[in-house]
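**Q** Protein sequences appear in the order of chains A and B.
If you're matching positions, the first sequence starts at 16 in this note's numbering and goes up one per residue.
If you're matching positions, the second sequence starts at 16 in this note's numbering and goes up one per residue.
Rather than coming from a laboratory, the hints here were simulated on the basis of the structure.
Bear in mind the structure is a predicted one, so any value in this text is a computation, not a measurement.
Heads up, a few of these hints could be off.
Identical chains share a label here; the pair holds if one copy fits it or two copies do between them.
Claimed, not checked - Below, a list of computed lysine to any residue pairs in the SDA-like style, where the Cα atoms sit at most 25 Å apart: (1) LYS318 x LEU300; (2) LYS178 x ASP251; (3) LYS311 x ASP23; (4) LYS70 x ARG107; (5) LYS311 x CYS42; (6) LYS70 x VAL269; (7) LYS70 x ARG126.
Protein chains: 2
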Amino acid sequence: MAVYTEIDDDALIDFIAGYDIGEVLSCKGIAEGIENSNFIVTTTTGPYILTLYEKRVRIEDLPFFLGLMDHAAAHGIPCPVPLRTTAGETLRELADRPAAVVSFLAGMWPRRPTAEHCREVGEALARFHLAADGFQMRRENALGPTAWRELIEASGDGADEVKPGLAASLSGTLDSLLADWPDELPTGVIHADLFPDNVFFRSEHLSGLIDFYFACNDILAYDIAVCLNAWCFEPDLSFNVTKARRLLRGYQGVRPLARAEIEAMPLLAQGAAMRFLVTRLYDWLHTPEDAFVTPKDPVEYIKRLEFHQGVRGPESYGID
Amino acid sequence: MAVYTEIDDDALIDFIAGYDIGEVLSCKGIAEGIENSNFIVTTTTGPYILTLYEKRVRIEDLPFFLGLMDHAAAHGIPCPVPLRTTAGETLRELADRPAAVVSFLAGMWPRRPTAEHCREVGEALARFHLAADGFQMRRENALGPTAWRELIEASGDGADEVKPGLAASLSGTLDSLLADWPDELPTGVIHADLFPDNVFFRSEHLSGLIDFYFACNDILAYDIAVCLNAWCFEPDLSFNVTKARRLLRGYQGVRPLARAEIEAMPLLAQGAAMRFLVTRLYDWLHTPEDAFVTPKDPVEYIKRLEFHQGVRGPESYGID
């Protein structure tokens, strides 16, 4: 949860007047997203989402994120569409911060994902990869393998407070991961953070993908590996191969994977676990005690990483 | 801000199905209220507010609060109306907590209240006092004078950390306040917490009163004294007598004050400053550092209290 910035009511009314969406009826900070301040703004024409970009987001990345949502929505992906002012702008300023208004998506994220949810997520992810194919802007993955090393080093001895020996073990795992990290798999724009709270369902069907603020250019199959980590472990951290099989089948029904992508899945899944492990570890050790946001426990990603290190091969993910 | 409880999507759909308000489209935790968890639930018939009552609210008080909103709304007060299920219930249970759905009010609370806002607040407060006159349930003021003594004692030496000598000075002030505290002024149901963030305006006119969770039976003019503290001090804590005059005129245009109520205003205003001073002091000293809610600084109420102790008489509040 996070609402960091207070918006002056008069300033908001002036801001919304720039769009052709009617009169402001209310504005309420919502507990959604952890990097930015988000609000539901209800006007006489309906609800909208207003986002103020806080300092963890780089301003120079915003045209990529907003442009990507615009492109994806235009190509049939159910994602928020950035609204344009009557002057044609999507990226503006409010309360001294970069700001944008996007369309409101119906649906709720699934607290207890089922195998059928996983199938629809796989399918939607593949559709997104295809839809984003014609998007012309580029953004490097700021949380790719190079960053993992930096985050481990920045965590320093603190890692061993989380689990004795963790610093050395992570460093060793990362060495072998990077030695084998694939460099010839198909790349494109990936979501890079498609966790259950970023996917809405309505009447049991997928109705929206949100939060494109980690999207970047990277290995497409790595995006699937993120989803395997995010969707296919049970609350007790056991791996549910049925969910993985459905997720991968859903994906391949839209975009069949090449043999090399399938073979790389155990390694990519280790990498995805490493990515969330090291950012959580860093936040765990660096979040001030009085912060609004409670950092997430990194330990569950140690367990996910260990699972992926122990798999026999792609068949452990239910790939036929 | 506060959202404490996570709601399962399936449980919410079942819960909302109990009302005749259509299909759930979305549910988002909002940063509103500090005692409870609040959500905007959007259905195919529009937005609603869902509240889960957390442990700071006593369950046995909920029928009073919900009944009061129902009664006030039926008597023309623009306040949230508790929805009834098809079986006629307003107080239910969700996520192991007492829960209620109320109507959604348009409007935003004024970040920079003007004298005209104050006039409308005074008028609305008087209308609420008259509307609540026929309400049959009773609730004692759990944060009345008796509680002030307990809160000062519970703060103990901590008060002197906030300001040296504060504990003794508060105790002395309270002694003289209680010795003179009026016991023959008109009483009735008061809101008891009508701060700017509990009053919505739309197009410069008052459109809603919210958050009745401190409402109780007490001296009616004490409710005005709360508003003098809440609405008539500038950010630099200087007292704006123009705002006070407009607030009191707005009130008296609907419910003229008796001479005794006017004479008591300086004392009631001291009491109201004391009430917010001691609860803020207590929260300041007792809120864990890792809590979601940042406690409010009690020091600004020391300054308000000092102002009220120094006034010449009711004329200092602009009462003609």
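**Q** Hint by hint, note whether the structure agrees.
**A** Each hint tested on the structure:
1. LYS318 x LEU300: Classified as within: same-chain Cα gap 19 Å, cross-chain 39 Å, threshold 25 Å.
2. LYS178 x ASP251: within (19 Å within a copy, 49 Å between copies)
3. LYS311 x ASP23: between (31 Å within a copy, 19 Å between copies)
4. LYS70 x ARG107: within (15 Å within a copy, 41 Å between copies)
5. LYS311 x CYS42: Classified as between: cross-chain Cα gap 23 Å, same-chain 28 Å, threshold 25 Å.
6. LYS70 x VAL269: neither (37 Å within a copy, 49 Å between copies)
7. LYS70 x ARG126: Classified as between; 24 Å across copies, 29 Å inside a copy.
Checked against the numbered hints above, the structure violates only hint 6.
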